[in-house]
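Chemist: One letter stands for each residue in the lines below.
There are 2 protein chains.
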Amino acid sequence: MTRVHDIYPSDKVSLREVGLRDGLQLVKTFPSTAAKERWVRDEYAAGVRHFEVGSFLPAKTFPQFVDVRDVVATIAALPGAHGVALALNERGVNEALASGVAEIASVVSATEEHSQANANRSRESAIENIKRLCELRDASAHKPLVNAAISMGLGCSIVGAVDPKEVLRLTEKLYEVGVDMVAIADTVGYAGPKQVGELTRGAVKIAGSKPVCVHLHDTRGMGIANASAALDEGARVLDGSLGGLGGCPFAPGATGNVVFEDLVFLCESKGFPTGIDLDRLVAVRAILKSEMPNEALYGGLARAGLPRGTKARAA
Amino acid sequence: MTRVHDIYPSDKVSLREVGLRDGLQLVKTFPSTAAKERWVRDEYAAGVRHFEVGSFLPAKTFPQFVDVRDVVATIAALPGAHGVALALNERGVNEALASGVAEIASVVSATEEHSQANANRSRESAIENIKRLCELRDASAHKPLVNAAISMGLGCSIVGAVDPKEVLRLTEKLYEVGVDMVAIADTVGYAGPKQVGELTRGAVKIAGSKPVCVHLHDTRGMGIANASAALDEGARVLDGSLGGLGGCPFAPGATGNVVFEDLVFLCESKGFPTGIDLDRLVAVRAILKSEMPNEALYGGLARAGLPRGTKARAA
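In order, the protein sequence lines correspond to chains A and B.
The opening residue of the first sequence carries number 1 in the UniProt record's numbering; numbering runs sequentially from there.
The opening residue of the second sequence carries number 1 in the UniProt record's numbering; numbering runs sequentially from there.
What the hints contain is simulated information worked out from the structure, not anything from laboratory work.
Warning: the hint list may mix true and false statements.
Identical copies go unnamed one by one, so any copy, or any two together, can satisfy a pair.
Cross-link-like lysine-lysine pairs, in silico, DSS-like; alpha carbons within 30 Å at most [stated by the list, open to error]:
(1) Lys165 - Lys210
(2) Lys28 - Lys143
(3) Lys194 - Lys143
(4) Lys270 - Lys12
(5) Lys270 - Lys131
(6) Lys210 - Lys28
(7) Lys194 - Lys12
(8) Lys205 - Lys270
(9) Lys28 - Lys270
(10) Lys289 - Lys210
(11) Lys173 - Lys12
(12) Lys194 - Lys205
(13) Lys194 - Lys270
(14) Lys60 - Lys210
(15) Lys173 - Lys289
None of these values were measured; they are calculated from a predicted model.
If we strip away everything but chain A, and leave its shape as in the complex, we get:
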């Protein structure tokens, strides 16, 4: 049992609430630091243990993440809570390491075309960057986990269909350079459950004993079906955002991440206990509504409540 398995046990599902990072990526107004801390604390009280908390990106361009260190500290103070922050270059990585965050996330595009257009570098260079991140991690005092997302892994806003063999080749490389986890991302919500299931199966095989994360967007309404397929094929880490907060830069008007609370319901219905109290979780949406009144929130559980006879789940 290595440290990654303490945080992402292979015999249960870990659900990561990414609203504070991916959810806030495109919003026009954003919550105060105090509201972010209530958001984290209230979700923690509901049973959530994995949080993506923000990005170490230039604060001038992304002012919504200027207080990322405060959110990292809030989570570090909660027993058993685990925080993840995004860092895309060496400055960001050094800042992330200095913040003491428990996990650093990086990204490589699934297609060369998207890599060049979005990050102005090749996929090979992006993987070199992640290798360097792993070396800095190894040389650090607290040695955070490192995860690498393969963005556009199930469809690309530039070239359309993505060859799954390419994604599996990148997956293999990423585990080789030292990441603890690869996250297969359907960044633009192109995939259906068949494709997600097949790619997950391949990635799980490559990952061996290491975890595989599947990061889904609900752009075309397939989010929960895709999550179900990923679970069926052995993914045990799934991302979602409360209320499906967030948008997609490549699909204006589209929804963001798969709805976190519906993901909880899905997992429970499939016999994967999450330890999350759905009523308490849904109540946290009030913070998002009051801090970002113009952002659309989605989700079935919030509208309809739990089915009759469903036992309240222990936090």
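Please build the complex by placing chain B on the supplied structure of chain A, with the hints as guidance.
Modeler: Just chain B, lined up with the frame of chain A:
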């Protein structure tokens, strides 16, 4: 090959647009007859072939279905289009038979409690009623198909969890009394994909060569995931409503049927060709919006459009 297989071929998926019946069940304002006819014709032009068109219920209580005969006639005039209408008592059945509708739908509740509370009769009496419907069908000139929905088949608004063995027992009885198809209905959207898959597998086994329909509501965001599970287990007839039109009498504020256009995208993504042009289908939502401006419409495809590189599907 019997007639039911001409209409619901066992080697392909048939998607039924139920917006004109289930979608209109609870709306406050409803479309004009002319708008319903455009709705049908435009969906037909997009490639839709199966329509639930209305109910033979008392027009005083359900004025939205007063023009059901006109919609039946509109569909009968379109080559290869198939119309279904609901009829719950002998008067309704006789009116449905007289209308020449191609299929008559009836209902039995999965639980005794719901049957008594909702229809004021036992499930046994409901099945007797359906047996009588089949006899009237056999004695009729044009012999429409008969389908029987098992409402609350995956969870009951009165008792909560439903014993799948009871649903399978009812399924068996319904095929015995002569129905052409049983529709397993998650009327209140309680189920997840595991439960839907398991019940579908059992029903498909009982049905033998006859089709099984799965009728899902998206109340808790599981609609598409549940449809995917039903397809995986052999259901080849699925219901949905354009824009997810409709509500649920037992869950105020909840969404209605699973979103038809997202269902089309799901089927195509799983390799089940539907013959439906998604762009043309999504355009039909304009009729619903202009006729029922206060009704919420849902769906990912309508927000985001087709993924880049997706070929337009031939109607």
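Chemist: Mind listing which of the numbered hints don't hold for this structure, in increasing order?
Modeler: 2, 3, 5, 6, 9, 10, 14, 15
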